[in-house]
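Peer 1: Residue numbers (numbering that gives the first Met the number 0): 0 to 72.
Accuracy of the hints is not assured; some may be wrong.
The calculated lysine-lysine pairs, modelled on PhoX-like cross-linking and capped at a C-alpha distance of 20 Å, are [as the list claims (entries may be wrong)]:
# : residue 1 : residue 2
1 : LYS67     : LYS26
2 : LYS67     : LYS57
3 : LYS26     : LYS57
By construction, these hints were calculated from the structure, which means they are not laboratory data.
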Amino acid sequence: MTTAAWIFVVIIALIVGMILGFFIARKYIMNYFQENPPISPEMIRVMMAQMGQKPSEKKVQQIVHSMKMVNKK
Numbered sequence: 000m001t002t003a004a005w006i007f008v009v010i011i012a013l014i015v016g017m018i019l020g021f022f023i024a025r026k027y028i029m030n031y032f033q034e035n036p037p038i039s040p041e042m043i044r045v046m047m048a049q050m051g052q053k054p055s056e057k058k059v060q061q062i063v064h065s066m067k068m069v070n071k072k
């Protein structure tokens, strides 16, 4: 193969690798955040207590549910 052909193959391999890497990383991050949400119900209770509200379980679950619905969109 000539030098120009090798350069072309390397450039194509880099582009394909970048595209595949992007989609693999995107899938991994989406699964990670779905399994490990950034805000847990315990954190919501602490935030509500800091704001002077008494956190009821119903209110905490409503907030968690609304956050999950936002993340699905």
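Peer 1: Hints first: check each against the structure and report whether it holds.
Peer 2: Quick rundown of the hints versus the structure:
1. In summary, the hint linking LYS67 to LYS26 is supported, as the alpha carbons are separated by about 18 Å, within the 20 Å threshold.
2. A hinted pair counts as satisfied when its Cα atoms are at most 20 Å apart, and LYS67 with LYS57 qualifies at roughly 15 Å.
3. About 32 Å separates the Cα atoms of LYS26 and LYS57, which puts this hinted pair outside 20 Å; it is violated.
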